[in-house]
Amino acid sequence: MPCSIAVASTEMFMRLRTFAGTAWRIVRQPAAHLSLGVLTLGGFVAGIVFWGGFNTALEMTNTESFCISCHEMENNLYYDLQQTIHYSNRSGVRATCPDCHVPHEWTPKMARKMQASKEVWGKVFGSIDTREKFLALQLELAQREWARLKANDSLECRNCHDYDTMDFTRQSARAAAAHERWLGSRERTCIDCHKGIAHSLPNMHGIPQG
Amino acid sequence: MRTMACVALSLLLWSLCAIAQEPLSPQSELLTERVERSIDPFRRGAHLLAEPTPPPIAHVEDNDVRRARGWPEQPPTIPHAIHGYQLDRNSNRCMVCHSRAAAEKFQAPMISVTHFMDRSGQVLAQLSPRRWFCTQCHVVQSTTPNLVENRFIDIDALLDRRGLD
Numbered sequence: 001m002p003c004s005i006a007v008a009s010t011e012m013f014m015r016l017r018t019f020a021g022t023a024w025r026i027v028r029q030p031a032a033h034l035s036l037g038v039l040t041l042g043g044f045v046a047g048i049v050f051w052g053g054f055n056t057a058l059e060m061t062n063t064e065s066f067c068i069s070c071h072e073m074e075n076n077l078y079y080d081l082q083q084t085i086h087y088s089n090r091s092g093v094r095a096t097c098p099d100c101h102v103p104h105e106w107t108p109k110m111a112r113k114m115q116a117s118k119e120v121w122g123k124v125f126g127s128i129d130t131r132e133k134f135l136a137l138q139l140e141l142a143q144r145e146w147a148r149l150k151a152n153d154s155l156e157c158r159n160c161h162d163y164d165t166m167d168f169t170r171q172s173a174r175a176a177a178a179h180e181r182w183l184g185s186r187e188r189t190c191i192d193c194h195k196g197i198a199h200s201l202p203n204m205h206g207i208p209q210g
Numbered sequence: 211m212r213t214m215a216c217v218a219l220s221l222l223l224w225s226l227c228a229i230a231q232e233p234l235s236p237q238s239e240l241l242t243e244r245v246e247r248s249i250d251p252f253r254r255g256a257h258l259l260a261e262p263t264p265p266p267i268a269h270v271e272d273n274d275v276r277r278a279r280g281w282p283e284q285p286p287t288i289p290h291a292i293h294g295y296q297l298d299r300n301s302n303r304c305m306v307c308h309s310r311a312a313a314e315k316f317q318a319p320m321i322s323v324t325h326f327m328d329r330s331g332q333v334l335a336q337l338s339p340r341r342w343f344c345t346q347c348h349v350v351q352s353t354t355p356n357l358v359e360n361r362f363i364d365i366d367a368l369l370d371r372r373g374l375d
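Protein chains in written order, with our numbering: chain Z, 1 to 210; chain V, 211 to 375.
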């Protein structure tokens, strides 16, 4: 039995080698019928089409409708969001999933998208596909996000909420005092006090909230 | 014979019932009118069969001004808005500011000592579980006209009145 497997794998390896050899020969040979101009321009246009397509597909994964196409997201996290001020408020200015969870700059965004392959794994293997599983994992997921926001000084919050142009006269006295005292002095960052602003909190026993 | 008796008896009963249904006197009509207008104070006197336009939803007072208490043990009303404050088994947003540890940092009144006591009056180290859900007793206020007449007399006023007797 092991003998036949070894034979089969050697045979497959030989086939792969032949294929690779052919491919390399084709790629290495200079073009017989097409001019340099056609190849260059064609390559350029194809590159643009590819890049545009790539980014379009990437941006499609950056929309709220994509995120909530998974029932795990829609039933747990989107439902939480719907009770909060980031969903429905006086001015109707909303925050959607990527606004807070995906960096806006290109390089960090690519990095995040590569990390997101772990989420594909989670979807395939159902890491939070029931309410109970979600609640069991909720704290860990939340802590990861809080750590991320703490590390980048609540960058995603600051994408919309700018401290320098905050009008304290339009906030309540407590809010104005707290913002001036801790945000102004850079002693704290947004996420330190505003945990649970978008999704309901897991059991917060032992976790500081202020 | 028996059938006749039954029929006669039922006829008698029916006629008695019919007599008992007097036409409404003017006084009972007024009573019905009052009932139809006062079933639910939220209807603010609208007739039961009418469909009134509800008034606009009142804003919650958010000025941090402490209000007077009606009697010493009254749970103080909340002088600020609490919209979106999570208060469930997972998290108590009120205690983030009003706990003993945080009161100084946020300049918020610490929860009273009664909130540290269990049902036997023993003082615990932290908030007693029976006091976890603040909004069972403490509420926000909004400036709206009273729905129901309030005839409550403050004890101080009562004591003053007694002094004059």
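These are computed hints drawn from the structure, not numbers from a lab. Accuracy of the hints is not assured; some may be wrong.
To be verified - Distance windows between CB atoms, simulated:
hint, chain 1, residue 1, chain 2, residue 2, range
1, Z, Asp164, V, Gln284, 53 to 61 Å
2, V, Asn356, Z, Ala173, 23 to 31 Å
3, V, Pro339, Z, Val120, 36 to 44 Å
4, V, Val323, Z, Ala173, 23 to 31 Å
5, Z, Tyr79, V, Asn273, 56 to 64 Å
6, Z, Asn89, V, Thr345, 53 to 61 Å
7, V, Asp274, Z, Val120, 27 to 35 Å
8, Z, Asn89, V, Asp298, 38 to 46 Å
Unchecked claim - Which chain Z residues face chain V? A few, computed with CB under 8 Å, are given here:
hint, residue
9, Met14
10, Thr84
11, Ala147
12, Ala151
13, Ser172
14, Arg174
15, Ala198
16, Leu201
17, Gln209
For each residue, glycine too, the CB sits at the ideal point set by N, CA and C.
Hint check:
no., hint, verdict
1, Z:Asp164 / V:Gln284: 53 to 61 Å, "violated (43 Å)"
2, V:Asn356 / Z:Ala173: 23 to 31 Å, "holds (28 Å)"
3, V:Pro339 / Z:Val120: 36 to 44 Å, "holds (42 Å)"
4, V:Val323 / Z:Ala173: 23 to 31 Å, "holds (27 Å)"
5, Z:Tyr79 / V:Asn273: 56 to 64 Å, "violated (33 Å)"
6, Z:Asn89 / V:Thr345: 53 to 61 Å, "violated (22 Å)"
7, V:Asp274 / Z:Val120: 27 to 35 Å, "violated (48 Å)"
8, Z:Asn89 / V:Asp298: 38 to 46 Å, "violated (22 Å)"
9, Met14, "violated (61 Å)"
10, Thr84, "holds (6 Å)"
11, Ala147, "violated (18 Å)"
12, Ala151, "violated (23 Å)"
13, Ser172, "holds (5 Å)"
14, Arg174, "holds (6 Å)"
15, Ala198, "violated (10 Å)"
16, Leu201, "holds (4 Å)"
17, Gln209, "holds (5 Å)"
In this structure, the earlier hints numbered 1, 5, 6, 7, 8, 9, 11, 12, 15 are contradicted, and the remaining ones agree with it.
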